[in-house]
Structures are given as C-alpha cells and as structure tokens.
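A.B. asks: First to last, the sequence lines map onto chains D and Z. When we follow the numbering used here, the leftmost residue of the first sequence carries the number 448, and every step to the right adds one. When we follow the numbering used here, the leftmost residue of the second sequence carries the number 2, and every step to the right adds one.
Do not take every clue at face value.
Restraint-style ranges between C-beta atoms, simulated for each label pair [said to hold, decoys possible]:
| id | chain 1 | residue 1 | chain 2 | residue 2 | range |
| --- | --- | --- | --- | --- | --- |
| 1 | D | Gln-563 | Z | Glu-149 | 40 to 46 Å |
| 2 | D | Ile-567 | Z | Ile-18 | 33 to 39 Å |
| 3 | D | Ile-589 | Z | Val-21 | 43 to 49 Å |
| 4 | D | Ala-554 | Z | Lys-162 | 55 to 61 Å |
| 5 | D | Ser-478 | Z | Asn-138 | 38 to 44 Å |
Beyond 10 Å from chain D on every Cβ pair, some chain Z residues (computed) [as the list claims (entries may be wrong)]:
| id | residue |
| --- | --- |
| 6 | Arg-4 |
| 7 | Ile-7 |
| 8 | Lys-8 |
| 9 | Thr-13 |
| 10 | Cys-19 |
| 11 | Ile-26 |
| 12 | Gly-27 |
| 13 | Lys-93 |
| 14 | Trp-101 |
| 15 | Gly-122 |
| 16 | Lys-130 |
| 17 | Ile-157 |
| 18 | Ser-165 |
Quick look at which bits of chain Z chain D covers, simulated, 3 or more residues with Cβ under 8 Å [claimed, not checked]:
| id | segment |
| --- | --- |
| 19 | 35–44 |
| 20 | 58–66 |
If you are wondering where the hints come from, they were derived from the structure by calculation, not from laboratory data. Built from N, CA and C at the ideal position, the CB exists for glycine as well.
Next come the chains, spelled out residue by residue.
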Amino acid sequence: MLNEAQPTWWTSFFLTNINYLMMPIRGGCPSCLVPSSVGHNWFGQTYLGPNNPVSQDGSDNFSYRPTNLADYPPVGHDRRYFNVGASGPSGVFLNQKTIGADYKLIAEEFEIANMQGLPINQRLTAAAVVIGIGFGALPKTINLLFTQPASGFA
Amino acid sequence: MKRSYIKTIIITGIIIICVVTVMYIGYNIAPGMNPYSERYEFNIPSSQLIENIEKLKNENQVYKIPQIDLPDHYDNNSTVTRYYHIYIYYSKENKILHLWVANDIENKSKSYLNFVDINDGLQLGHWKKINHDYSKNESTKLINQFEEKVLKKLGIKYINKGNSMSIF
C-alpha cells in the first residue's frame, strides 16, 4: 500500500511564504503578503476588524487563508464596503449604502454560529458579529425604511 | 415612588450597557479598508487629482522613491470603484508615504484622498498606520507635515474629513 506523503511543518511554511522567501532573489515583491501583518484583529482574527493583512506595498492583501471559519465572511464584507467607499464604525452605524453588505454578513455569520460540530470559539465569534452588526445596522435600516421605503438595499 | 425610581435606573443602565456593547463590537469589527487613514475631500474628479499629484512628483524629484521599484498603480481589490495607490518619498526623513485616491460613488466631480500609512526606510513591509500605530501627537504632526509638504503644494482646495474610526 502506498503511503501518501504528508507535508512537514517546514515544507508547509516554505510553500506558504514562498513569495516572501524569494524576495531577495527576485529583487522585491510589492504585492506579496507581509506575514507579520496577519492576525492583528479582535481575538487574533485576520479579516474581522480594522487591521487587514497588508502587501509589501502597503495595500490590503486578501491572500491569507484564515483558520477560523467566522473570519471568511468579513472578506466579502470588506470588499463590499470598499466598493461603496465606506469604512469603519461610521460605515456600520451611519452609511445606508452598506445595509446590503451588513445583512449579507449577518446571514453568513448566523449560519456559522448555528453549525453543529464547529469549535465553540468560532461559533461565538460568529454570534458576536451577528449581534454587533445586527444592532449596529438597525437604526440606519429603520431610518431608511421610514424615509425611503421603496428604495431597497444595495 | 422609590420603586419606580430604581426601575428607571436599572432600565437606563441596561440601555447604556447595550449601546456601549454594540459600539464596542462595531469599533472592533470596523469593516472596509484602511479605516484609520486620514481622509481628504476634493471638489475635482479623481483623474485630475491624480494628474496633479503625479505632476508634483515629477517636478520635485525628492518625492520619487530611489532604488526600489514601487510604481503608483490602480488597486485590484475592488471591482466597482477604482482606487489609485500613490507613493511619496520623504528623502530627508527616509520615509515612504502611502496614499490612495478614489472618486465619490455618486458625485463623479468629487474625489477622496486617503493618507494611509508610512514605511520607515526603503525596505518595504515596515508600514505603520497613521492614527493607529503612532501616538495621537505623532499622527497629528505627520498629518500636518503631509498637508504642508504635499497637499498645500497642489494648490487645490480640500477638506480634512478625519478618519473613519470616529463617528462624531
């Protein structure tokens, strides 16, 4: 019987950071991820928070694959905010253009919070996002529904 | 009378705790890109603003980054809005400034410039976010320096909108 070769920790590390390791040979890689910029958010999350990982050139980088399932929906959420030119708590609490993005995030995180068999920390993170964004986006949603009931959500 | 007074205090306390909790979660989630960056509003289209900044860089060679290849470029993270990243070099301080420019979504004759972060030295990957990695005093000093060295030299009227982490 053939044994499938399992990658060792050092081969995994090499494959994950190949672009970074090749930098001195290539003469720089502006679009490569800065490994030290990963996991600087709430509870060590990668994308769930204001400190997204960055590229060598300082722009946001979404190439890192998070280990927490609750950390995936914020990638799409951040991009949707980016598309409408919104960011930060002012985007969550005040910007009506982000209502669609907020409720999509809530739906995705709600699904994760209800997943049986998932580690409790991942489910709790997802639940915290549902509560925080849910209540945070509620006043602007009510305001939009009363001021422009036929406008729909972005 | 006393009972209803205690009840009011408890209800008020619960409401305050709920509001603070939601605000705390909102601040920690802070979606979008570069919420800490200092934001400036211009009453000209982004293409014109980019052109003016590039002109300033060409006229003042000290703003050009030596040795490393770091061209100004459009971002590929957004499919809708086009964000243009600009790098300016402070030769005396040996620092690289990272900015981006984008059009307003609704009003195309309006644009925004965000002063995002600063890289110490010419080795990339040592970025420090303005309004976050620096103290408040240092950030204010760097913002004022940026306005003096770059924005005022553009000769275009602008409004400082602060950063997105503040909602008041």
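A.B. asks: The structure should be examined with respect to each hint, and the outcome stated for every one.
C.D. replies: Here is how each hint holds up against the structure:
{"no.": "1", "hint": "Gln-563(D) x Glu-149(Z): 40 to 46 Å", "in the structure": "violated, 59 Å"}
{"no.": "2", "hint": "Ile-567(D) x Ile-18(Z): 33 to 39 Å", "in the structure": "violated, 24 Å"}
{"no.": "3", "hint": "Ile-589(D) x Val-21(Z): 43 to 49 Å", "in the structure": "violated, 20 Å"}
{"no.": "4", "hint": "Ala-554(D) x Lys-162(Z): 55 to 61 Å", "in the structure": "violated, 31 Å"}
{"no.": "5", "hint": "Ser-478(D) x Asn-138(Z): 38 to 44 Å", "in the structure": "violated, 33 Å"}
{"no.": "6", "hint": "Arg-4", "in the structure": "holds, 29 Å"}
{"no.": "7", "hint": "Ile-7", "in the structure": "holds, 26 Å"}
{"no.": "8", "hint": "Lys-8", "in the structure": "holds, 23 Å"}
{"no.": "9", "hint": "Thr-13", "in the structure": "holds, 18 Å"}
{"no.": "10", "hint": "Cys-19", "in the structure": "violated, 7 Å"}
{"no.": "11", "hint": "Ile-26", "in the structure": "violated, 3 Å"}
{"no.": "12", "hint": "Gly-27", "in the structure": "violated, 4 Å"}
{"no.": "13", "hint": "Lys-93", "in the structure": "holds, 20 Å"}
{"no.": "14", "hint": "Trp-101", "in the structure": "violated, 8 Å"}
{"no.": "15", "hint": "Gly-122", "in the structure": "holds, 13 Å"}
{"no.": "16", "hint": "Lys-130", "in the structure": "violated, 8 Å"}
{"no.": "17", "hint": "Ile-157", "in the structure": "holds, 20 Å"}
{"no.": "18", "hint": "Ser-165", "in the structure": "violated, 3 Å"}
{"no.": "19", "hint": "35–44", "in the structure": "holds (count 3)"}
{"no.": "20", "hint": "58–66", "in the structure": "violated (count 0)"}
Hints 1, 2, 3, 4, 5, 10, 11, 12, 14, 16, 18 and 20, counting from the list given before, are not met by this structure.
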